[in-house]
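Trainee: From just these sequences and the hints, can you work out the full model?
Residue numbers (this note's numbering), protein chains in the order written: chain E, 1 to 652; chain R, 653 to 1020.
No wet-lab data here; the hints were simulated from the structure.
Be aware that one or more of the hints could be misleading.
[Claimed, not checked] Examples of chain R residues toward chain E, derived with CB under 7 Å:
id : residue
1  : 709
2  : 801
3  : 827
4  : 904
5  : 928
6  : 934
7  : 937
8  : 939
9  : 943
The C-beta atom is built at its ideal place from N, Cα and C for all residues, glycine as well.
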Amino acid sequence: MKRRNRAVVTESSQLFTFTRRAMVLGGFQGLLGAALAGRMAYISIAENERYKLLSESNRVQLRLIPPRRGWIVDRAGQPIAINRSDFRVDLIPDRLKEPDRIIAELTRLLDLPPDEVERIREELKHAAGYQPVPVAENLPFEKYAAVTIRQPELPGVAPLRSFSRFYPDGAAVAHLVGYVGTPNQEEYKKEGKAPLLITPGFKIGKEGVEKTMEMRLRGRPGAQRVEVTASGKLVRNLTTLQDKSGGTLPLTIDAGLQTFAARRLGEESGSVVVLDCLTGDILALASMPAYDPNSFTDGISRNEWKMLSDDERKPLLNKALNGLYPPGSTFKPMVAMALLQAGIDPKARVNCPGGFQLGNRFFRCLGRHGPMTMHTAIARSCNTYFYAMGRRAGIDVISAMGKRLGFGEKFDIPVVSQNYGTMPSAEWKKARYERSAKLVERPDWTESDTLNTSIGQGFVIVNPLQLAVMSGRIASGRDIQPNLLQRRRPAPAALPFPKEHFDTVRAGMWEVVNGAGTAGRSRLETPGIEMGGKTGTAQVRRITGGQRGQSGAWKYRDHGLFVCFAPTASPRFACSVVIEHGMGGARAAAPVAKDVLTYLFDKPRALEALAKFEEQWGGTLDERMERRAQSWLAAAKAAREGGPGGSAGAGD
Amino acid sequence: MGLAFVPAPVATLPWRMLGIVTALGMAGVLGLYSAAGGFMMPWALPHLIRFLVFLGLALALSRIRPQTFHDLAFFAYGGGILLLILTLMLGVIGGGARSWLELGFVRIQPSELMKPIIVLTLARFYAHVPPAEIRRLWAMWPLALILLPPLLLILLQPDLGTMMLIVLNTIALMFLAGLPLSWFIGGALAVGAALPVVYSFLLPHQQDRVLIFLNPETDPLGAGYHLTQSKIAIGSGGVFGKGFLNGTQSHLNYLPEQHTDFIFSAIAEEWGLIGGCVLILLFFLLLRWGMGVALEAKGRFERLAAAGLTLTIFFYIAVNLMMVMGLAPVVGIPLPLVSYGGSAMLTVMICLGILMSIERSTKGEARR
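Mentor: Below, the structure is given as C-alpha cells:
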C-alpha cells in the first residue's frame, strides 16, 4: 500500500517537496499574472470600441431643448395664444430616492396646497421612468431659486426655466383654441416614444386648434450635448443645436368679437357663431360657460376637473360644434327656400286657424294668425303656413335644400370634433330604421314627418355652426364654406337659385326684426344698419298636455335660438345664437345677437351695453368664474368635512 | 557593493525590492491624486504619508530576527483573537459588516492584521511537527484549533472576503508544508459539493454579488453596476489610456469605490493597457522576490513563513485584479499599496517587513 511510504518522509525530502510545491505556486502566480494581463488586453483592445462607446454614453447626455410653440393670432395679428417665461419644478421618478422626505421639503419650500400634494403623490404612483411629474409651474423667481440652491440635497427634483402657454383672453377662447398639457402615456406611445414628449416642460395641444394644428405649432426641438456626472449633475455644455420655434398660426377669428360674444353670453349656457358671409371666415366661435385654458396648461387639479364635469351647463363641451339642437323656427328660412324651389308662389295664402289638420292629427301653431303669405309667415313664425306648404312641396325638396344650405354637413375646419346632426330624408329614415328601431318607429316616411321637419322639429338636429352657415348662405347667396385658418381661397361660388328667391326670404327675415315680426325688440340701434333674422324655440322634451317648456326645472325648458345677418342692404355678417333652455329665441337669443352685431358696427355702443349687463351679473367673466370656483370649493370642503351621512365627497 | 563609504546597514537593504514597493506606492499616489480631480487631498497625501510611515515600520521589522517572530507568534495570535473579540463587541459597522475597531486616533481592521499572524502561527506549528507525522491525519487537529476561533470571529462580523482569503492562504500553506496531494484534490471536490450550502449562508447583498458576477448584464444599474462600470473604465482606456487626469469614468463618478477597491480601473482608464501591465509586472516582481526569499530561506519556519506571507500579498492582488476585470465577484478586497486605506497597507507592510527580516537572516548566515 502507498501509505507505507509515509515513514520515508524525512527533513530533506520535506525540503524537496517544499521547493517543488513553491515552484508550482510561483508558476501559478506567473500564469495568473499573464492571464490577467491577457484579460486586460482583451478588454482594452478587442472590446475597446464597445467600451469607449459605453463610456461616452455615460459621460455625454443628449438633452433636448423643447421648441417654443408657435403663436396663435387673430385675423388682425392680435395674440390669442402666446408663450410666457416660466419657472417650474418637476420630479423625475427614476431619480427620486426618498419621495416622502422630498415631497415634504418641496411642500415647505413652495407652499404647495394639500390638494396639489395629493395630486403629485397620485401621479408619482402612476408615473413611469423618466417621465417627469410636474410639481409646480409659474413660480415666482424666489421660490424657484429656493429649490435650485437646495438641488444637491433633493435628488430627483428638477427645477427648470421654460415657457408656458398663455391665453390672454382666457375662458373666452377656451373651446376655440383648446389648451396644451404634458403628453400622456398614449400620446407618448403614439409618437413612437419620441424623447421630446417626455422632456420636462414640453407640452402638446390637447384640445381645439392647439391639438389639430399641433405639428405646425410645435416647431423643431433643439439639442444640447452635455457632460454629466453619475448623479446627473451637469458639468459643461459640449455643443448646442438651436431649436426652431413653431410657426405663427393666424386664425380668421376676430379676437375682440370672440371675447365680446363670450362675455355677452353672460350667465347663460350657449353659443355664438359669427361668419363673414362673403368668404365663410369664422369671426367668432364662442361657447359658454367655459374653462380657463390657462389653468389647464398648469395641469388641472382633481377638484377643478370635478367642478367642471359636474356642472350641468357643461363647460367642457364646445356647444358651437358639438351641441345639437332641434332648430325649431330658425329652420324656416331654409324651408322657405325649398318651397320657392318647389315652385310655390310666395304670394299664395294659407289660412292659420291655430293649427293644421292632417288626418286625425292636429298640428298646432303658436297662434291664430289668419291668412299668411310666405313673407308674413316668416315674420310671425306661423307654423300652419309651413305645415301646409311643406306638405305640398314634399320632403325631398326640403331635404335637398337643407343639405345645400349646410345642414347635416361636416365642415372642413381644423377642430377636434363636430357633431353634424341630421338632415332627415326618406332614405335616411329607412336606413336609420334598419340600423335601430329605437328612434324611428317605422321605415317609411310619413306626411307627419314632413310636417314636423317643416318647422324644424322631429328628426332634425343641427349644430350652431350649421345654423350660421345657413344664415350666411341665404344672406349672400353664395356657397360659403366656414373657414378657421387664414389662407388664400377662391371666392365662394354663387348658389344655383334665383335671386328673387333669396330676396323673398331675406325680406321675410328683415320683417322679423324690423317690422311686425317676432324679434322686433332686438333691432339694431346703429343708424343705417339693419339686421335680418329668424327666431326659434326648440322643445327639449315632447309637449304633453299642452304644457310648453316655458317653466319648471331649468333643464326641461325650451332652447332659444336666433339666426341673423347684417346689414340687410348688403349682407356682410351672418350669425347664430343658441341659448340652452333660454325659453325662447326672441327672448333669450335675439338680444345677444343684436349686441354681437352691434359690436361689429359700433363698438362703443356694444361695450356700453355689455358693461351694464356685467354690472347686473356681478362682475366680469373672470371675476365671476373665480367666485364660482371659490364657492364650489367651499361647498365641496363643507360636504367633505361636515357631511354626517357620509356624502359623496367624503370618499376622497 | 562597490561604494565602500555607504554604511553597511544601508548597503544591505534590499534596494531592488524597495524600488518596486515604492513604485507601487507612488502609482497609488498618482491614481488617488487624479481620482480627487487633481488634488492631493483627501486621498493622495494621506496615502503618501501612510506609505512612508508603514515603510519605515517594515524596515524596522526587518531588523528583528526571524526567530523572534517565531517565538512571538503564539502571543501575537492571542492578541489578535482579543482584538477580534473587541471588534465584535465595540466595533464600527462599515459596508454591512462590523469589522472596524475605533482606537481614538485610528481605525483598524483586526481581521486584516490576523492574516500575517495566522501565517506565522501556522508556520511555527508546521516547523515543529516531525516530518514523519506531517502526513498523518491526526496532525490536523491542532490546525483546526488554531484556525477555528479567528475564522468564526471573522464570520460573525461578517467579513466573508477576509475569511476566504485566510482559508485560501491556509490551504496554500498546508500544501507547501507537504501534506498529501490527494487531500487537496479530495478537499476541492468536497468544497465544490458544499458551495450551494455556503451560498445560503451569505447575506442578501453578498448573494446578489455572486449572482451578478455570474451574469452581470442582468442588472446593469443595480448590483452589476460596479462590474460594468469597472470594465467600461478599463476597456475605454484602450492601449495608451485617456491620459493623466482625463479619466471620465472616474472623474464623473461613474466608477464606484474608485479610490479603494477599483483604483486599478481608474488607473487603467487613464494610463491604458500599458499602465495596467506595468502595475501587474511590478506586482509580479514583488511576488517573485517574496517566493525567492522563501526558496532560499534556511529554516523550515522561515521558509513556510516567507512563502505564506508572499501568498497573503498574492491573494490580495489576485482577487482584487480578478474582481475589477470581471473574473471574480465583487468582494471588497483592496489592491495592496495602491488602494487608499490603512489596514491593508499595514498588513502588507508587516508581511514585507518580516520577509525582509528572513532575507536578511538568510544572507547573514550565508556571509557567516
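Trainee: Now look at each hint and say whether the structure bears it out.
Mentor: Hint-by-hint comparison with the structure:
no. : hint : verdict
1   : 709  : violated, 25 Å
2   : 801  : violated, 27 Å
3   : 827  : holds, 6 Å
4   : 904  : holds, 4 Å
5   : 928  : holds, 5 Å
6   : 934  : violated, 11 Å
7   : 937  : violated, 10 Å
8   : 939  : holds, 5 Å
9   : 943  : holds, 4 Å
Hints 1, 2, 6, 7 from the earlier list are contradicted by this structure; the remaining hints agree with it.
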